[in-house]
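K.L.:
Chain by chain, the residues run as shown.
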Amino acid sequence: MSDQSQHLFSSRPSARRRAESGVAWIFRLATYIILLAGVVVFGDIVIKGSRTVFQSEFPFINVAFLTEAPKSLYVFEHEGEHYEMADDDFRDFRESVEAQALAAGEPAPELKAKTYVYSAGGIFPNIVGTILLVVGSMTIALVLGVASAIYLNEYAKQGAWVRFIRLAILNLAGVPSIVFGLFGFGMFVIFFGWNVSLMAGWFTLAFMVLPVVITASEESLKAVPMGFREGSLALGATKWQTIRKAVLPYATPGILTSSILGIARVAGETAPIMFTAAYVVRDKLPWQVEQAMDFFFQGVMALPYHIYVVSSKIPQNEYSERVQYGTAFVFLAIVALIATSSIILRNRLRARYRW
Amino acid sequence: MDKLDRPPFAITKTRTRFLGLTLDECVQAFFGGNAFVAVVVLGLITFFIFREGSGFFNQNWANLELYRKAGLEFVDHLKQQEEDHTALIRYLFDLRVRTVKHYTDEEGMSLANANKRLMAFDDYSYDFGDAVEPLRGAVMDLGDWVSMVKTRALVTEDRLEEQRQLLAVGKVDEAAAIKIEEIDFGAELQPLLAFRPAYAEINAEFAAGLLRVLALPDPDLPTPELQARLAKFKVLVGGYIEEFPRIEKALLDWDYTKPVPFAKAVSSFAVGGRWLTASFWQDWYGVVPLFTGSLMVSMVALAIAVPLGVGAAIYVNQLAGEREQRFIKPCIEFISAIPSVVLGFFGIAVLGQAIRVLSQWEALSWVPGFPVAERLNALTAGVLLALIAVPTIFTLAEDALQNVPRAFKEASFALGATRLQTILRIIMPAALSGIISAVLLGFGRVIGETMVVLLCAGNRIAIPDFTTGFAAFTQPVHTMTGIIAQEMGEVVQGGIHYRSLFVVGMLLFVIALVINYLAQKIVQRYRISIG
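As given, the protein sequences belong to chains A and B, one line each in that order. Here the numbering used here is used: the first residue of the first sequence is 1, the next is one more, and so on. Here the numbering used here is used: the first residue of the second sequence is 1, the next is one more, and so on.
Simulated from the structure, these hints should not be mistaken for lab results. Even glycine gets a Cβ: it sits at the ideal position worked out from N, Cα and C. One or more of the hints may lead you astray.
What the hints assert, rightly or not - Using 30 Å as the maximum straight-line C-alpha spacing, the simulated DSSO-like pairs for lysine-lysine come out as follows: (1) K249(B) / K234(B); (2) K249(B) / K329(B); (3) K521(B) / K157(A); (4) K222(A) / K249(B); (5) K222(A) / K239(A); (6) K521(B) / K48(A); (7) K329(B) / K222(A).
Stated by the list, open to error - Some, not all, of what chain A presents toward chain B, calculated at C-beta under 10 Å: (8) A156; (9) F185; (10) A246; (11) V247; (12) E269.
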């Protein structure tokens with residue numbers, strides 16, 4: 001090990017060099033500012049949200065928050081004690097207090113409670129609603145989208161017409177989600193008279209991700225080398241056999257990744273379901289319907305819409321903060337889980353299929 | 001040649017047929033059918049939005065026509081005059097507040113004493129305020145009258161519509177039973193037309209009243225700065241009085257029979273500065289405040305996101321080591337997965353307050369608009385939107401840098417260029433088209449974002465006061481996406497308000513298409529490759 005500064009070709013510090021590393025540091029700073037911003041948002045929601053979702057005693061998860069419907073919170077003082085209760089508990093408590101007073105022959109004490117809407121109970125119907133919306137809309141979008149992509153890439157004659165359609169679809173992918181919401185509201189809710197319903201939400205969301213699904217599926221179909229198809233056809237396979245055995249297996253990873261990203265997008269969007277599928281509050285769960293058809297034409301509560309409602313329609317205070325952060329945390333966890341699985345899946349499959 | 005002698009062909013292939021189609025054709029038909037449905041549906045979306053929106057301009061035309069015929073336009077001239085007077089009173093009030101502040105803060109007077117000192121000033125402003133009385137009375141009477149005319153005209157229209165619908169389904173008797181009141185606007189507007197000579201008198205009286213106040217001795221004000229403000233007030237009043245003949249002329253020239261040109265219906269939307277709905281007086285559908293709001297929020301977002309996103313892309317692609325790359329890229333993709341409504345909630349719960357606290361910090365008082373008045377404003381929304389735009393810009397810019405042929409870099413190094421020179425002079429120019437399209441797509445992402453702006457932009461429908469310079473960015477705004485989300489729930493189908501929202505949607509749709517198209521064209525046109 002010779003002394004570096006003495007070596008003939010060793011780098012000597014100069015103004016230019018310092019400027020160079022300075023600029024490199026600026027770029028590095030930009031990168032880490034972004035990461036920091038992400039960490040701040042995540043951290044804030046995860047830390048404050050986990051206070052609602054987790055607890056220190058067994059079973060460590062706040063089961064009530066995940067399995068109950070949203071309720072109003074009653075906060076009151078009674079005989080020097082501070083109480084916080086959900087509305088049904090409060091009713092029981094009040095009755096018992098009144099019964100006691102009656103037994104003792106005293107006038108019933110009046111419980112002066114402050115009410116905070118949505119601040120008690122849980123978010124179970126919202127989780128169910130979001131899952132229903134995602135499953136339904138992704139089924140529609142995947143069937144339509146993947147089939148269209150196969151047709152456009154494998155069967156259709158590549159001409160000006162298909163090129164135009166492809167360009168149109170690509171451009172539609174950038175249209176704001178609220179415009180799709182507007183369309184869904186005008187078309188399904190009003191024109192078809194479906195009202196605010198699962199069906200309207202499904203189709204609105206499905207059409208919103210349709211361009212994305214078609215474009216991404218086509219990309220992965222295109223990535224399969226032409227030789228696979230030619231080889232298969234040369235062996236006497238029919239077109240469908242070729243597609244089934246020589247194209248789809250290699251395109252599936254790509255299609256899967258894009259569809260999972262589509263799921264994350266569908267689950268995360270609020271604007272399209274605001275007027276097509278989401279209710280602020282609904283007492284019944286989706287399966288508590290009288291007729292099977294009612295299932296499709298009922299509105300549901302959904303997580304993203306619930307976040308919107310609790311963060312903008314009710315006043316900010318310590319009680320509402322619990323439900324706000326709890327909902328945001330659960331929602332973020334679900335979406336992040338979907339997104340992470342898609343990223344991991346893509347990286348795995350990308351490594352496996354190479355030609 | 002005996003056909004019967006030939007043995008049958010050795011291989012026979014039996015094909016299942018459904019409806020005369022082979023399996024293969026069935027499969028093709030299935031895929032083709034799906035593709036057809038998808039294309040039709042996507043076409044339908046475009047068609048539907050444009051169909052629903054297109055009716056707006058005719059309805060707005062009728063709306064403006066009624067505005068003129070029912071005489072609201074006439075009264076609005078007077079209302080404007082009255083409002084300008086109110087603005088002058090507000091100026092006086094502002095002056096009073098400043099003076100009180102001077103007395104209490106600088107001279108240490110008690111509030112009661114300060115108020116006592118300002119008695120002369122108060123008399124002055126009361127006199128000034130009272131001068132408008134004759135005009136105010138007239139405006140109220142005429143306003144009530146024309147509102148009534150308008151209401152009656154609308155009722156008539158509703159009844160006509162009802163009759164048409166009944167006739168359409170063949171219920172002739174019911175249709176005939178509907179009483180329709182014909183409105184003769186000429187007769188109804190007599191009070192307005194008759195008011196015109198009286199108006200000249202009122203105006204003269206009003207102007208005399210104002211001049212009388214101006215001729216009073218100036219109330220005592222402590223500092224030259226405040227006295228200068230009073231002098232400016234007098235100049236403003238002078239200008240205000242000079243406007244009177246112009247208003248008189250406008251009223252004399254006003255003619256309710258003059259048709260409103262159709263271009264007015266379009267221009268009142270495209271360049272109209274007021275978005276006012278469900279008003280008892282007159283609804284206005286001017287997109288400018290919303291468009292400005294969207295644009296301002298996007299500008300804030302891009303001003304933050306472009307340097308960060310592009311800088312990060314350069315760092316990750318050119319400077320970072322492999323392990324750092326593998327860590328940063330998924331992290332930034334992860335940020336793009338944060339749903340916008342969660343970001344909006346974060347803005348309400350944390351960021352808005354944080355910006356307000358930050359803005360009250362003494363060391364930052366040089367920043368225009370600081371300290372901010374409202375927690376939720378264009379700046380808050382813009383900062384959050386930057387976090388939405390960053391992953392888009394980063395990913396696409398990184399792709400563009402990745403696509404620059406390796407040989408460019410190697411050749412540059414071989415010529416003795418340093419790493420920074422190579423990046424700034426060789427790689428960046430080669431990837432510029434891709435980076436520009438990345439920024440464009442980031443812009444498209446931001447301008448179409450709904451939940452963040454709905455929650456955090458403050459939702460005040462007004463064009464921000466640009467005379468304050470950059471401070472305008474700390475004012476609350478409303479956006480095109482936000483207005484759709486906010487007002488869609490309360491509209492009547494087929495009504496003018498419903499259609500106006502579709503026109504806004506149309507505008508967003510077109511903006512998104514143009515941005516996407518441009519981004520693609522730029523990449524294709526200026527792609528650099530070897531050979």
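K.L.:
All hints, please: hold or fail.
P.N.:
Outcome of the hint check:
no.	hint	result
1	K249(B) / K234(B)	24 Å, holds
2	K249(B) / K329(B)	68 Å, violated
3	K521(B) / K157(A)	24 Å, holds
4	K222(A) / K249(B)	71 Å, violated
5	K222(A) / K239(A)	16 Å, holds
6	K521(B) / K48(A)	46 Å, violated
7	K329(B) / K222(A)	25 Å, holds
8	A156	7 Å, holds
9	F185	6 Å, holds
10	A246	15 Å, violated
11	V247	12 Å, violated
12	E269	7 Å, holds
In the structure shown, a violation is registered for the earlier hints numbered 2, 4, 6, 10 and 11, in ascending order.
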